[in-house]
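Colleague: What follows is the residue order along each chain.
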Amino acid sequence: MASIDIKGVKKVYAGNVTAIHELDLTIPDGELVVLVGPSGCGKSTLLRMIAGLETITGGTISIDGTVVNTKEPAERDIAMVFQNYALYPHMTVRGNLEYGLKNRGTPREEIDRRVAEAARILEIDAFLDRRPRQLSGGQRQRVAMGRAIVRQPKAFLFDEPLSNLDAKLRGQMRIEIKRLQRSLGTTSVYVTHDQLEAMTLADRLVVMNGGRIEQVGAPLALYERPETLFVAGFIGSPPMNLIALERLGAQSALDLPAGTDLVGIRPDTIHLTAPEEPHITLGATVELYEPIGGESHLHMRLEDSGQLIIAAVPAKTAMAEGTSATLYVRTADLHPFNRETGRRTD
Amino acid sequence: MVENRPFLNFLTHLVLIAGVVIVVFPVYLAFIASSRGPGDFVSGVVPLLPGTHLVENYSTIWNEGLSSSGAPPIWVMMMNSLLMAVAIALGKIAISLLSAYAIVYFKFPFRLLAFWIIFITLMLPVEVRIIPTFKVVADLGMLNSYLGLTLPLIASATATFLFRQFFLTIPDELMEAARVDGAGPLKFFRDILLPLSRTNIAALFVILFIFGWVQYMWPLLVTTDSRYYTIVMGIKRLAASADSEPLWHLVMAAVILAMLPPVLVVISMQRLFVKGLVETEK
Amino acid sequence: MQTKRTIFPNKLLPYALLVPQLAITLIFFIWPALQAMKSSFEREDPFGFKTSFIWFDNYRKIFADPNYLGSLGRTAIFALSVTLLAMIVSLLLAVAVNRLLRSGKIYTTLLVWPYAVAPVVVGILWWFIFNPSIGIAPYILRGMGINWNHRIDGNQAMILIIIAAAWKQISYNFLFFVAGLQSVPQSLIEAAAIDGAGPFKRFWTIVFPLISPTTFFLLIINMNYAMFDTFGIVDATTMGGPAQATNILVYKVYTDGVLNLNIGSSSAQSVILMLIVIALTVVQFRFVERRVQY
Chain W
1 MASIDIKGVK KVYAGNVTAI HELDLTIPDG ELVVLVGPSG CGKSTLLRMI AGLETITGGT
61 ISIDGTVVNT KEPAERDIAM VFQNYALYPH MTVRGNLEYG LKNRGTPREE IDRRVAEAAR
121 ILEIDAFLDR RPRQLSGGQR QRVAMGRAIV RQPKAFLFDE PLSNLDAKLR GQMRIEIKRL
181 QRSLGTTSVY VTHDQLEAMT LADRLVVMNG GRIEQVGAPL ALYERPETLF VAGFIGSPPM
241 NLIALERLGA QSALDLPAGT DLVGIRPDTI HLTAPEEPHI TLGATVELYE PIGGESHLHM
301 RLEDSGQLII AAVPAKTAMA EGTSATLYVR TADLHPFNRE TGRRTD
Chain L
1 MVENRPFLNF LTHLVLIAGV VIVVFPVYLA FIASSRGPGD FVSGVVPLLP GTHLVENYST
61 IWNEGLSSSG APPIWVMMMN SLLMAVAIAL GKIAISLLSA YAIVYFKFPF RLLAFWIIFI
121 TLMLPVEVRI IPTFKVVADL GMLNSYLGLT LPLIASATAT FLFRQFFLTI PDELMEAARV
181 DGAGPLKFFR DILLPLSRTN IAALFVILFI FGWVQYMWPL LVTTDSRYYT IVMGIKRLAA
241 SADSEPLWHL VMAAVILAML PPVLVVISMQ RLFVKGLVET EK
Chain S
1 MQTKRTIFPN KLLPYALLVP QLAITLIFFI WPALQAMKSS FEREDPFGFK TSFIWFDNYR
61 KIFADPNYLG SLGRTAIFAL SVTLLAMIVS LLLAVAVNRL LRSGKIYTTL LVWPYAVAPV
121 VVGILWWFIF NPSIGIAPYI LRGMGINWNH RIDGNQAMIL IIIAAAWKQI SYNFLFFVAG
181 LQSVPQSLIE AAAIDGAGPF KRFWTIVFPL ISPTTFFLLI INMNYAMFDT FGIVDATTMG
241 GPAQATNILV YKVYTDGVLN LNIGSSSAQS VILMLIVIAL TVVQFRFVER RVQY
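Protein chains in written order, with the numbering used here: chain W, 1 to 346; chain L, 1 to 282; chain S, 1 to 294.
Hints were generated in silico from the structure; no laboratory data involved.
Ideal placement from N, C-alpha and C gives every residue a C-beta, glycine not left out.
Okay, the calculated beta carbon distance ranges per label pair:
(1) W:Val67 to L:Pro171: 22 to 32 angstroms
(2) L:Ser145 to S:Leu101: 43 to 53 angstroms
(3) W:Asp194 to L:Asp172: 16 to 26 angstroms
(4) W:Ile292 to S:Phe208: 54 to 64 angstroms
(5) L:Asp172 to W:His297: 35 to 45 angstroms
(6) S:Thr3 to L:Leu194: 17 to 27 angstroms
(7) W:Ser183 to L:Phe119: 54 to 64 angstroms
(8) S:Ala23 to L:Asp172: 25 to 35 angstroms
Excised from the complex, chain W in its bound form (with noise of 0.2 angstroms):
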């Protein structure tokens, strides 16, 4: 258990490529940190700094308060789960969860009791005698998890662990490694692109973008009040509505932060029945309809702009395309930006 400290860290590539700039990070004991961000924004960089498999450029990474920069791998006590999980395709399961505990020494009494436990918890004792090509992609990856818990590390670091398998089984293995972290308490660095999954399993979720770092914060603080522009568009599915403020009419005469002049709606808060808060009010035309199950969501062309956006609302609203709908939104439930600076304004 150990928290890991990021300071002004930077990493700069050969031909002067810069892939992450200048960058703080806290991540505390014990917490499940998901770094989430679309490709190239530097959080695969981030992490193989951490494991100590890319070299540090500027600042420094600490572990349990030790500066770490110069370690090897091996030496900063981390775990890694990889995207391939990266097993060792001549090694039986066992000979897997074996190898990391072996180099380092351990009795065999203890690496015996380790594995043990780890395939208890896993659920994988069944095949612990079999190689890695007679399992499934979800075994798989469950054994590339049990060879990171047997190590017992200060942190545990996840390298886009689910992407290669498919929806179902993610959703099922989400919850797991949920539960284990949960039930270890180990500091987890996590890494994905996929938004739900940033904001299902973290308990701090990090956007980043182009290297930097865009918002940090609780999962649904970052849904309900977004930063920046690209965090608003980033969380949240379906994408944030955003509309120009001269668009919005004479409604502009709103009470908003001075500065702003791009409003940002989510689909979820328009409604197609005018609530007792105050709101605005808009027109707009279906242009489709489309019925998810538990909600349906429709894109419009609004009226006087002719912009798309996408309103999702409670299941039975049946609309035809092609039908005119007045839109309301709570101006409480509005988001303020300023399209330069890219930030919130309040």
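Starting from the known structure of chain W, arrange chains L and S on it as the hints suggest.
Modeller: Quick look at chains L and S alone, frame taken from chain W:
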């Protein structure tokens, strides 16, 4: 095969049988000759059917050899060949594994230069540098020794390239996982890379064993002491007595013996042999 | 040059790993090659006391030597003949085997093993067949009115070594042709059949063009083989004779250098051979590798 054309099928088999006959016939003749007695060759035509002297010929040539030719008994030469072939195969594999590992998994100054130096050996077969290589070996005092027979033939670019190609296909994450698991470069090499290279090593062994076994010009140059003759070079001596007609039945017995080990290796390990052949030429 | 995404950070270890191969390469390959080049510019006086630098004299001499020029020509004829003969026969066999499903495996086993036979042994086998006194081939040829004695007739000697060399190479070419043929998508052949092409037409218009990378590759390999790996065959059968008729380049280097101790000339010949190998290797890597990519 798209349509059913029985005539073509017949032709196909005909062609293949003809091919097999062409390929097998010389050896068949040799085998026949090796089973005949000394008198069977004077009549001016070579016999086509087996004789009765099989065991006798083989044991003579194996144990005593042909003293007139200056070559030792066959078993001595077979041993030398075996040693040479195995040493060359193992030697080439060992140093190529190390070199390929260095080139793929490390970055260091002059890496490209090292790669090219190794590559150049492809363009310098021994037949092209005989005299000076002989001189170097002589200067090092390695004439008439197993070292002199094998060492100069051990550097091999093909094996290094093959292993390099193979190492490049191994997923990066395997090495990263091993590093996280506390394996340094040598442990990784021994615990992960080597086991995964097993088939390639076996395939290469077949090819390199044959390469070592069939060496002719080099052993010819480097050995003057008959104790170090290899079977392949010694055979020529048996067959080439300048004055009289060679003792064909014994010479052919030696020829069959000389062919046996590599042919057996190829046939018993055919799949590995084909794999090795195809991989080394890519 | 391609490397892995992650590498080990050790700085000294790679050098240690490379030492064995580099040491052997430098001592037994590079240094002798440099020596050969140096000697090719020198002349050693007959008692071995003095070597003098004579520029390109050795080269001038050998290019003026009708024996050498003859050897060049002979090698070219030999290499081309062996290549053509070996490739045509093996292609035929490969096409035949490719048509079979089950028995193909057995035929393949029966056809690949000559690869394992040493060139010198190949020479002895064929010398036995063509031996003027007791060989079966002269016996048959005599029945047809042809007198065979390759010890006297230079052309017959050349034919002998061509046949022997080609025989050995058939299995190698066969394997590669089979692999090449199998890589031609069956769907193309079926499409051609639907388009009305019979088996022969299909072969020449579809299959043969598609295996051209393999063909080209084997062309280079066979030339290389004929020029350098056939020393044993010549030594076992004709020893360069009669009267230089089969004295191909690689054999000449040996006779001039080892038997006649003409170091300067032999070194110059070695250097020229080296240049030829380099040229062939460059052609192979430049053109063949690129085309084989698809």
